[in-house]
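Engineer: Read off the chains here:
Number of protein chains: 2
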Amino acid sequence: MFEDAELGHKMSKEDFDRELPALREKLLEAQFALLESKRFPVLLLINGVDGAGKGETVNALHEWLDPRHVQSVAFGAPSDEERDRPEMWRFWRALPPKGKIGIFFGNWYTAPLVRRVLGESRKVELEQSLSTIEHFERMLTDEGVLLLKFWFHLSKKTQKQKLEELSGNKRTRWRVTPQDWSNASRYDEFRAVCDRVLRETSTGNAPWIVIDGSDDRYRTMAVGKTLLSALERRLAAAPGSHERSQAKPAPISVRDEKGTNVLRALDLGKVLAKKDYGDRLEKLQGKLNQLSRHRRFADKSLVCVFEGPDAGGKGGAIRRVTRSLDARVYRVIPVAAPTEEERAQPYLWRFWRHVPRKGHAVIFDRSWYGRVLVERVESFCSEEDWRRAYAEINDFEEQLVQSGSVLCKFWLQVSEEEQLRRFQERKQTGFKQFKITDEDWRNREKWGAYERAACDMIDQCSTEIAPWTLVAANDKYSARVHVLQTLCDRLESALGD
Amino acid sequence: MFEDAELGHKMSKEDFDRELPALREKLLEAQFALLESKRFPVLLLINGVDGAGKGETVNALHEWLDPRHVQSVAFGAPSDEERDRPEMWRFWRALPPKGKIGIFFGNWYTAPLVRRVLGESRKVELEQSLSTIEHFERMLTDEGVLLLKFWFHLSKKTQKQKLEELSGNKRTRWRVTPQDWSNASRYDEFRAVCDRVLRETSTGNAPWIVIDGSDDRYRTMAVGKTLLSALERRLAAAPGSHERSQAKPAPISVRDEKGTNVLRALDLGKVLAKKDYGDRLEKLQGKLNQLSRHRRFADKSLVCVFEGPDAGGKGGAIRRVTRSLDARVYRVIPVAAPTEEERAQPYLWRFWRHVPRKGHAVIFDRSWYGRVLVERVESFCSEEDWRRAYAEINDFEEQLVQSGSVLCKFWLQVSEEEQLRRFQERKQTGFKQFKITDEDWRNREKWGAYERAACDMIDQCSTEIAPWTLVAANDKYSARVHVLQTLCDRLESALGD
Chain W
1 MFEDAELGHK MSKEDFDREL PALREKLLEA QFALLESKRF PVLLLINGVD
51 GAGKGETVNA LHEWLDPRHV QSVAFGAPSD EERDRPEMWR FWRALPPKGK
101 IGIFFGNWYT APLVRRVLGE SRKVELEQSL STIEHFERML TDEGVLLLKF
151 WFHLSKKTQK QKLEELSGNK RTRWRVTPQD WSNASRYDEF RAVCDRVLRE
201 TSTGNAPWIV IDGSDDRYRT MAVGKTLLSA LERRLAAAPG SHERSQAKPA
251 PISVRDEKGT NVLRALDLGK VLAKKDYGDR LEKLQGKLNQ LSRHRRFADK
301 SLVCVFEGPD AGGKGGAIRR VTRSLDARVY RVIPVAAPTE EERAQPYLWR
351 FWRHVPRKGH AVIFDRSWYG RVLVERVESF CSEEDWRRAY AEINDFEEQL
401 VQSGSVLCKF WLQVSEEEQL RRFQERKQTG FKQFKITDED WRNREKWGAY
451 ERAACDMIDQ CSTEIAPWTL VAANDKYSAR VHVLQTLCDR LESALGD
Chain C
1001 MFEDAELGHK MSKEDFDREL PALREKLLEA QFALLESKRF PVLLLINGVD
1051 GAGKGETVNA LHEWLDPRHV QSVAFGAPSD EERDRPEMWR FWRALPPKGK
1101 IGIFFGNWYT APLVRRVLGE SRKVELEQSL STIEHFERML TDEGVLLLKF
1151 WFHLSKKTQK QKLEELSGNK RTRWRVTPQD WSNASRYDEF RAVCDRVLRE
1201 TSTGNAPWIV IDGSDDRYRT MAVGKTLLSA LERRLAAAPG SHERSQAKPA
1251 PISVRDEKGT NVLRALDLGK VLAKKDYGDR LEKLQGKLNQ LSRHRRFADK
1301 SLVCVFEGPD AGGKGGAIRR VTRSLDARVY RVIPVAAPTE EERAQPYLWR
1351 FWRHVPRKGH AVIFDRSWYG RVLVERVESF CSEEDWRRAY AEINDFEEQL
1401 VQSGSVLCKF WLQVSEEEQL RRFQERKQTG FKQFKITDED WRNREKWGAY
1451 ERAACDMIDQ CSTEIAPWTL VAANDKYSAR VHVLQTLCDR LESALGD
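Protein sequence lines correspond, in order, to chains W and C.
If you're matching positions, the first sequence starts at 1 in the numbering used here and goes up one per residue.
If you're matching positions, the second sequence starts at 1001 in the numbering used here and goes up one per residue.
In case anyone wonders, no lab produced these hints; they're calculated from the structure.
Any given hint could be a false lead.
The list that follows gives simulated cross-link-like pairs (lysine-lysine, BS3-like), each with its CA atoms no further than 25 Å apart [unchecked claim]:
{"hint": "1", "chain 1": "W", "residue 1": "K427", "chain 2": "C", "residue 2": "K1026"}
{"hint": "2", "chain 1": "W", "residue 1": "K287", "chain 2": "C", "residue 2": "K1274"}
{"hint": "3", "chain 1": "W", "residue 1": "K287", "chain 2": "C", "residue 2": "K1170"}
{"hint": "4", "chain 1": "C", "residue 1": "K1427", "chain 2": "W", "residue 2": "K275"}
{"hint": "5", "chain 1": "W", "residue 1": "K274", "chain 2": "C", "residue 2": "K1427"}
{"hint": "6", "chain 1": "W", "residue 1": "K283", "chain 2": "C", "residue 2": "K1225"}
{"hint": "7", "chain 1": "W", "residue 1": "K26", "chain 2": "C", "residue 2": "K1427"}
{"hint": "8", "chain 1": "W", "residue 1": "K10", "chain 2": "W", "residue 2": "K123"}
{"hint": "9", "chain 1": "C", "residue 1": "K1170", "chain 2": "W", "residue 2": "K13"}
{"hint": "10", "chain 1": "W", "residue 1": "K13", "chain 2": "C", "residue 2": "K1283"}
{"hint": "11", "chain 1": "C", "residue 1": "K1170", "chain 2": "W", "residue 2": "K283"}
{"hint": "12", "chain 1": "C", "residue 1": "K1274", "chain 2": "W", "residue 2": "K13"}
{"hint": "13", "chain 1": "C", "residue 1": "K1287", "chain 2": "W", "residue 2": "K170"}
Bound conformation, chain W alone (with noise of 0.2 Å):
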């Protein structure tokens, strides 16, 4: 892997003056084309070994680039609001819009090496962690982010040159610090987790590239030429035609169209006396808030997603839940068009945003499931896109469970013939008029393919850290009852009591 970069790549400065102006030029030309078209956002990764001329590498880009739209951003110790999330939440949030190029120092890779070279992680950890990674960048790179991932390596002899050089000078010496002399002396041990970590991570649309470190003038202008290029690439294919990984297809169910599914199995004829219904939900609320302000939920979070046909009952669940808890513990997000902000990125960022700190709640009022629900049936995205969502997702929903999310799904399903009653109900009740509107009638109109989208999304998306609870709600009363009584039982058992 790094062979080639050992060999002490050289640039004169003959060459380098002569090439440099065409070169910023056209790095010029080429960044004002992405940000007039604002058809995708750029990201460079930068890693490799101290000294190894990563930060002057990224000032002069910042140099030749209009610097008004570049963002470098270097991740040190995470903040407070950082830990209190899913580890990918800091990253997700500094994403650059599409248009921008974005320029990440101390990225996602920097903490599984570290950890596995000091010896901090096992291998199967690192492996876990890789693996994260490779459905992350494979995300970033199918939404049609283009990902540079440039690796600066060094010689051990020549970092240990570096090293001498840079402590030696005056002016430099202060970015030598006795951390970068102790990374140094492990240099065996890093080159060979680093040497496997890129092999591994070197995908078909995101592979590493790795730059000798050891000459200043052949290591920018290879990284400037290398931007240049895979941006005029870029620019020049068709919108939407990057490469993308090759999907997995998701395992397909067959089912008889005109049969039995999970939905159609569920027993919406289940009827909960009113009585019995107010005592159930009293004690239910209880309980819950109970929990809410169980000690170890500090440690915690929750997140609930509610989806379902129209009329389905889930703002009157919803609002069940709701009094249940405190208002400042919190928040309901209810998922509407995406705002001009959420289009610039990847699809998933505007549900990452509102990923909750620990000891908080967040309610979803429809969620990022609407990818492979309407966003499928209504052809708002493409097949290839709702297809690879639901790997997309299980992975996001796996990344909030480990963080000490609990994380309950709730599918509230209707009857047709229900469906049909509460929208007539609607019509004639003044203040609920509202909620009912010529799309919610369309959509009635395709309820065969509603109902296949969710079988579906059901079979690709009940995982076992986070099932969906499938709720038979021609019944409001019981259908109550039942998102609370799981929201109780999953509370409790993570709390562990």
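Based on these hints, arrange chain C on the given structure of chain W.
Structural biologist: Just chain C now, with coordinates in the frame of chain W:
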């Protein structure tokens, strides 16, 4: 202030049950009208004595309203990201957008009150905080925020009873903390300080609404009705007709339009020879780089603003600054049209969101001064709006500086003739063509109006803590050196070297 609220107002269960259904229906209707119109945001402040039912009342509001469009935030200890910025930053970031309702517990009144009661701040510091608050609230209401400030009160005796009741019941015991008892023991001091604070901060547009908290039903109904009537009143009024503060008319400078002014008085003939430029630039860039790495810079931040006529050389000057800094330290914000999310917030919100953390720099290419420049000249906002902006901007900048930002504002002035020369040059030069648009030519025709606006801006906003630096920019070399020299001087003096 509190006399009425200590009378022990009560509401019978019969009255409550009779009035509630209509109130709820009307509240929902008003909330929906607000959401549809997206005309203004609603912000409720929740303050008062412990045990007076603040949490319960807000929980009731969440129950009565559609909780999907209400967000309650309890501000506890600030996060590290918040501590690194001006105190008000955490409130700015949580402001509800137009159409939504925000409820703030532990808001901007909490810290000043608590500090004063505990004797941690002096009277004069409390006065300063109140003045900041008054300006902030005036800005909010002038921007159209419907601001309702609720104070929940209890007499000393009733508070003691309530706390004892809560402590005595196994289910509510957790709600009374040792801090609550300790606060209760200072009831008289607390009441006296609060009485004064409420009097001083009860303004025409944002009066305090003092609620007797002793009876659940009375209290909740009173808050619900107050909210409803405020909402209905504002919704019924013509858009934009909300009461505005009596604009303190900014002092007006009488200027002879043909005579001199601060811009015309600049010596635009200054020229710096290329050789001298090279030397001085290199030295200044080296110095700026060192200053940005100064250990005390970790406790400061740098905010730069660049304004001036088109083709005044802002971009070039910014690049000379960024070239001196490490890419990981700074961010350039090109100010363009606000996004949808930004338009749903008060004017300054889109600048507050970019306020840097300590140890970082943000460079604004055009800025919040757009309000009193382009928006004034092109009538993008009302005269009232830009007139009040001077004071709002001064408040914003004062908070930046108080929190440790070094704020440098540069006006790069070129003559009409030099601007024309540069426009024509740009038309010739291939890769600079994109920098010139029809709008640039149109703006030239309004040279006089822009000049007048700039002179007013400098008069109003060149404060001692945040002076404008007027840069003669016909000669790019001397302009850049002027900018860098100023930056170095300001930073040096702030870092105390």
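Engineer: Next step is simple, just say for each hint if it's right about the structure.
Structural biologist: Evaluated hints:
1. W:K427 x C:K1026: holds, 18 Å
2. W:K287 x C:K1274: With Cα atoms ~77 Å apart, K287 of chain W and K1274 of chain C exceed 25 Å; violated.
3. W:K287 x C:K1170: Holds, at roughly 14 Å.
4. C:K1427 x W:K275: At roughly 80 Å apart (the allowed maximum being 25 Å), K275 of chain W and K1427 of chain C break the hint.
5. W:K274 x C:K1427: violated, 77 Å
6. W:K283 x C:K1225: violated, 30 Å
7. W:K26 x C:K1427: holds, 18 Å
8. W:K10 x W:K123: Judged against 25 Å, a Cα distance of about 36 Å means the pair is violated.
9. C:K1170 x W:K13: violated, 80 Å
10. W:K13 x C:K1283: holds, 23 Å
11. C:K1170 x W:K283: holds, 16 Å
12. C:K1274 x W:K13: holds, 23 Å
13. C:K1287 x W:K170: holds, 14 Å
Taken one by one, the earlier hints fail for this structure at numbers 2, 4, 5, 6, 8, 9, listed in ascending order.
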